[in-house]
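Under our numbering, the sequence shown has 1181 at position 55, and the numbering climbs by one with no breaks.
If you are wondering where the hints come from, they were derived from the structure by calculation, not from laboratory data.
With a straight-line cut-off of 27 Å between C-alpha atoms, the simulated DSS-like cross-links for lysine-lysine are:
#, residue 1, residue 2
1, Lys1145, Lys1208
2, Lys1227, Lys1141
3, Lys1205, Lys1141
4, Lys1208, Lys1227
5, Lys1145, Lys1134
6, Lys1145, Lys1227
7, Lys1219, Lys1208
8, Lys1219, Lys1205
9, Lys1145, Lys1219
10, Lys1208, Lys1134
11, Lys1141, Lys1208
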Amino acid sequence: MSVLNVNKTNFDQIKNSSKPVLLDFFASWCGPCHMVSPIVDQIAEENPNYLVGKINVDNEPELAHAFGVSSIPMLVVMKNGKVVNQSVGARPKQQILDMLKS
1127 MSVLNVNKTN
1137 FDQIKNSSKP
1147 VLLDFFASWC
1157 GPCHMVSPIV
1167 DQIAEENPNY
1177 LVGKINVDNE
1187 PELAHAFGVS
1197 SIPMLVVMKN
1207 GKVVNQSVGA
1217 RPKQQILDML
1227 KS
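All chains, full assembly: derive it from the sequences and hints.
Here's what the structure looks like:
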């Protein structure tokens, strides 16, 4: 499955997914975000049991504010509409997968 571009219009639908959701908060000017982005893309392609989305904090300040994003990249895992895990900063693939499984 490919990565979804998440915005305030489609966020509720994504949040209420029956699958675990991985959200990647990023910005185009953020160096560490460019390191995490291909890993997030890989996870989406290899794991159709997860819903994976990216949120550009410059384009979606309301969503960034709602999640209390103060540093990026920020990864958030949601299950049943609730945040169950999150981390700030670049992470290796296995750590991101572990976040989804916990």
